[in-house]
Structures are given as structure tokens and as C-alpha cells.
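J.: Chains as they are written, first to last, in the UniProt record's numbering: chain A, 1 to 312; chain B, 1 to 312.
Keep in mind that the hints were calculated from the coordinates and are not lab data.
Because the structure is a prediction, the values reported are computed rather than measured.
Check the hints yourself; a few may be wrong.
One-sided and incomplete, this derived list gives chain B residues near chain A with beta-carbon spacing under 7 Å [what the hints assert, rightly or not]: (1) Arg45; (2) Asp48; (3) Asn49; (4) Tyr62; (5) Ser83; (6) Tyr86; (7) Leu94; (8) Met97; (9) Tyr134; (10) Phe184; (11) Leu203; (12) Val289.
Virtual Cβ for every residue (Gly too), placed ideally from N, Cα, C.
There are 2 protein chains.
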Amino acid sequence: MWNQLPEVQAKVSEFISRHSAVEGRRVVLVTSGGTTVPLEANTVRFVDNFSAGTRGATSAEYFLDAGYAVIFLHRQYSLQPYSRHYSHSKNCFLDYMTTNGQSGEAKLPSPEQSPKVHVDPEYESAMIDVLLKYRKAKDQHLLLMLDYTTVQQYLLYLHQICKIMGTLLGRRGMFYLAAAVSDFFVPKARMVEHKIQSREGALTMVLEQVPKFLKPLVKDWAPSGYIVSFKLETDPALLVPKSQQSLDRYGHQLVIGNLLNTRKWTVTFVTRESHNNVTLTPAEQRDGVEIESVIIPELVKRHADWIGVEKR
Amino acid sequence: MWNQLPEVQAKVSEFISRHSAVEGRRVVLVTSGGTTVPLEANTVRFVDNFSAGTRGATSAEYFLDAGYAVIFLHRQYSLQPYSRHYSHSKNCFLDYMTTNGQSGEAKLPSPEQSPKVHVDPEYESAMIDVLLKYRKAKDQHLLLMLDYTTVQQYLLYLHQICKIMGTLLGRRGMFYLAAAVSDFFVPKARMVEHKIQSREGALTMVLEQVPKFLKPLVKDWAPSGYIVSFKLETDPALLVPKSQQSLDRYGHQLVIGNLLNTRKWTVTFVTRESHNNVTLTPAEQRDGVEIESVIIPELVKRHADWIGVEKR
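Here chain A stands alone, though its shape is the one from the complex:
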């Protein structure tokens, strides 16, 4: 884990330097996916947080559409922008492919005929749209992908990225912290060396609190950045009070609150002054509109206001 840090630092520095030199270019760090908490030094078991990375991967696409450069810090194997349309779906990627123009069925080719593999015509036009956007982001160096697994690795990378962004970008940097970070972990010193043996009776695990990183992020790492955190709850009554408690405690700009069961079509924007729901209409839900297509433009506007404050 530690020996990847110089490589991550180099990639981030190069990326941020490139974009900070472009007049008016804004950059967003999108964090995405859960974190693991290893319970053993040679890790077999870990505590995980539920998150496929849908919110982060989807949001990254809309930030790219809005002209942002995006650092996508994501849990290994969680959903990624663009490829998300073809992974983690009921269909295996190979179901989109066919041979020699035959839809849905592969014929073994005759010996003199070299076989060809194609995208099934049914899926081709959707795939070309996704592929062109993906290539544009890559060719124009607008998307930097970095992955992590454990909560320790996440915090280490986050710290480095925020410091570089804070230094080089000032108010042009946004921090969109959609990753589901564990609140608890097992400190290295307390970790057992080998796999915990199953034995008769119950297993008792004692986990310590993960250090709160939002306070140093806001205060020291990127004090001019526009910082958006997420709050996921299952109890509706706790959503706004806990979001406001978080703003009071850490001093950042915005909490996006969501409930486990309704998060695909409604979120709550909570600031110190106000809170309001961002919701898809029933018609939009029916048509498969993604709520991130509403969330991101609203954030782009608020980020512009934040940049504007400095200029006044």
C-alpha cells in the first residue's frame, strides 16, 4: 500500500498542474465506493460498507459533461464512469457480442473462414455513444482513475490529493465525497497476524473510530475548496439533523443527504442556512432519468457562486 503512494502523487500532480494552467478549468475529486476494514494482517476477513459506486460513477460522467476535469478515486472493482453501463448488470459483457453478424448465437466458423466478433446490432448505437464519451475523456486527459481497497489506503490517497488540489486550484477545486467510508477500523497494532480461527462460541470484535478527516480537509488541506459530503441514513427523522450536525462540526459547504431506500430519486441539499429536496418526478423516474443529471448542474451553479465570491 505505501509503495504505491509516490506513483499516485506523481499522477495527481501532473493532472492538476495540467488543468490548473487552463483558464477557467474546474476540477472535481469524486470519491466512490465502500472501504474495507481488514480484521487480520494477512487479510481474509474484513468489514465492508455497502456501496456499488453507482452515485460516484454516474456523477463523474455528468461532471465531465459539464466540462470539469475529474479525479475518480474509487474502490477497486466498484462501478466506473462509462463502463458502468456494461458491468454489474444482469447481462454479461459477452452477451453484447456476436460473431459473423449472427445475433445472439455463435456459429463455429468453417476452417477457411476466419471468425469475426461484433457488437450485437441491437446494442450498437447505445455503445457508440458511451464509447465516444469515454474516448474523449481519455484522449483529452479529463479523467484520472485511481483505486483503493482499505480505509487506510483511502485516507492516505485522499490526504495527498486534497493537499495538491488545495495548493494548485484554490476555489476552482470541488470535493465530492461520495465514497462510503467506514466509521470504525482495527488499528494495525491490534490486528492479529493470521486468519482468525473459527472455534466454538461467539466471536467478539472491538473496532476503534476512524479519524475524522473532514475537519483537517476543510481547515488545512484545501481551505478554499468547495466541499460536498454525503450522509446516508435509513431513518428519515435523522437525515437533516445529522447533516446539519456535520456542517457545524466540520465547517464545509454542503451535505447531500440520502436515505437507503429512496436515494435513486430523491436527495436533500443541506447547508447551514437551508435544506431542500432534489427529486425526480414520477414521469422522470419512469423514463429512467438519473438523479445525478439534476444534482450535478445544481452543484456546478453553486460552485460558480463560490468561485464568484472570491472575485467580488
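Go by the hints and put chain B onto chain A.
T.: Here is chain B on its own, set in the frame of chain A:
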């Protein structure tokens, strides 16, 4: 979870009936991937076991090569046979694709020209091999894919599948239990309703032992089946003793022991009478030979011997 059970039962019954009617057809259940242990009824946090599902997904392909029909009971989003070659890799699936014959770069098409998407010629011949095998398995109904998430769901499905296989297949059924099943879980009655709130201080979790399913599997569900379990350890000194302890306790045929750090190129076959290593040579390791290409033919032979015993 419970309401999917009738669908799983119907699929499995149809699949096993079809293959039990084919003279000499053998069927293997391959279980693959980790299990989750929810800590909350509205699950945000869970304990997980490390497993990408590589062993199970790879093994399923070699069983299909050997003429077996395969039930692939796998953790949702873990690796799957065939698609494993293109998922969970450093390359995004879209990196294999290109437009209008241009390798590695997409050109925005001129308005009168409709864009086409292709497999990059560099990857085409490897992809056609994988795709033809995948289509053959699907078209000949040789592969049944079933997925689960929690340890409770895993045990429920395992029970049903084993009972159906045990009844209809007798000695022609093999059980290749490569899933990394949690030893501990939180019983429903002890689960909290909502997300565990982070608060000052440590978090103490008490987990109970998961019921041992190998004993009823061997004794009641599929007493004539050829049953292979896996043992993953990090301490080499524990591998053979713990494997033999497992055989003594549950009375099945074979334990495949593996160590976390060497499992890609060496495993140990442990029976009540003997134990021997199955290892790739350094040259084979260098050439990227998969150890499952050695494991599966050896199992196919042992399974044939097991079937033969009945006939004598």
C-alpha cells in the same frame, strides 16, 4: 431473499432433470466468491470474506471443457466463467473496443457517416475463443448461473440445490465448494433495525457461529455425491491438520488446501489416507498456465473412480 427461492428451485430442477436424463452426463455444483454477513436489518454495513471468485470462475470453465454440466452458485458481482477474462482487470471493457477501424482512438464521425463500433483487432482473436466457448455453454444449456449475496441466502440455496442433485444424480453429482463462507454471522433476532450510529469510543460486535452445513450435506442432502471442500489458511503449519480434521468431522471425500500467498500455483489434495501437492512448474507459472487446468482433470479422474466403485 425468501421470495426468490421458488425461482431458484424451478431453475435447478429443470437443469438437473435435463442432464440426469443424458447417459453418462456428470454435473458439478461450483460455489464461488465470498459471503456477506449483514450487521443491520437495513443493511449498510456487513462483514465480508476476501474472495474475487477467481478459483470458482476459472474451475467452472475447465469443468465445462471436461464435458460437465455446471451450476455456478456465485456471489453477486464476483468473477464469472468467460466474462472473467474481461472484468476485474486493469483494462475497462471499453478499452477493447474501437470505432470505424481506428485502434485506440475514437473519431467523431462526420454527419453523413454512421459510426460503427468494433473490437480492437489486437484483442479480437482471444475474444472470439472466449465468446465461442461461452455461447456453446449457453446454447447447449450446460451452464446455470445463480447468484447470492448474504451467507443466509447462500446456505438456503445450497441446501435446495444439494437436495435436488442428491436425489436425481446420485454419484454423478460433484460438489466443488470453493465459496469463502463466513464462519460467523449475526442472527436476525439480534440485528439492529437501522444503521449503527458512529459515536465516541469503540464498537463491539458479537457474532455467532454459522451452522456447519457440510455435515448435513454429506449425511442427508447428497450422501452419494463426490464432495470437495476448500481450506484457506495463512499459516502453512495448520493446512494439512486442519484439512484432515475437517474430513474426520464431516466425512466427505476431499479437501483442497491452499495458502493465501501461494494459492495461484500450489494446492494440497488431502484425503483421509494421504495428502499430496498439486503444483505448477516455474515454467508453467511464467507462461501463465492456470492451476485449475491441473486441478480439474485430477478431480474428473477421482470422480470417475467414485462412480466406478458403485458399478463394481
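J.: Is the shortest C-beta separation between Met97 (chain B) and chain A less than 7 Å?
T.: At 6 Å from the nearest chain A Cβ, Met97 (chain B) passes the 7 Å test, so the hint holds.
J.: Would you check whether Leu203 (chain B) satisfies its interface hint, that is, whether its CB is within less than 7 Å of any CB in chain A?
T.: At 5 Å from the nearest chain A Cβ, Leu203 (chain B) passes the 7 Å test, so the hint holds.
J.: Does Phe184 (chain B) pass the interface hint, meaning its C-beta sits closer than 7 Å to a C-beta of chain A?
T.: holds (5 Å)
J.: For the hint on Arg45 (chain B), just tell me whether its beta-carbon gets within less than 7 Å of chain A.
T.: This interface hint holds because 6 Å falls under the 7 Å limit.
J.: So, as I understand it, the hint says Val289 (chain B) touches chain A; can you test that by seeing if any CB pair is closer than 7 Å?
T.: The hint is violated - Val289 (chain B) has no Cβ within 7 Å of chain A, the shortest such distance being about 23 Å.
J.: Do the numbers back the hint for Tyr134 (chain B), that is, is its least Cβ distance to chain A under 7 Å?
T.: Holds, because the Cβ-Cβ distance from Tyr134 (chain B) to chain A comes to roughly 5 Å (cut-off 7 Å).
J.: With 7 Å as the cut and Cβ atoms as the points, is Tyr86 (chain B) at the interface with chain A?
T.: At about 6 Å, which falls below the 7 Å cut-off, the nearest Cβ of chain A leaves the hint on Tyr86 (chain B) intact, so it holds.
J.: Hint Tyr62 (chain B) vs chain A: min CB-CB distance below 7 Å?
T.: violated (18 Å)
J.: Minimum Cβ distance from Asp48 (chain B) to chain A below 7 Å?
T.: holds (4 Å)
J.: With a cut-off of 7 Å on the beta carbons, see whether Asn49 (chain B) makes it to chain A.
T.: With a minimum Cβ separation of about 6 Å from chain A (threshold 7 Å), the hint on Asn49 (chain B) holds.
J.: With 7 Å as the cut and Cβ atoms as the points, is Ser83 (chain B) at the interface with chain A?
T.: Where the cut-off is 7 Å and the nearest Cβ of chain A is about 4 Å from Ser83 (chain B), the hint holds.
J.: Once the shortest beta carbon distance from Leu94 (chain B) to chain A is found, is it less than 7 Å?
T.: holds (5 Å)
Hint compliance for this structure: hints 4, 12 are broken, all remaining hints hold.
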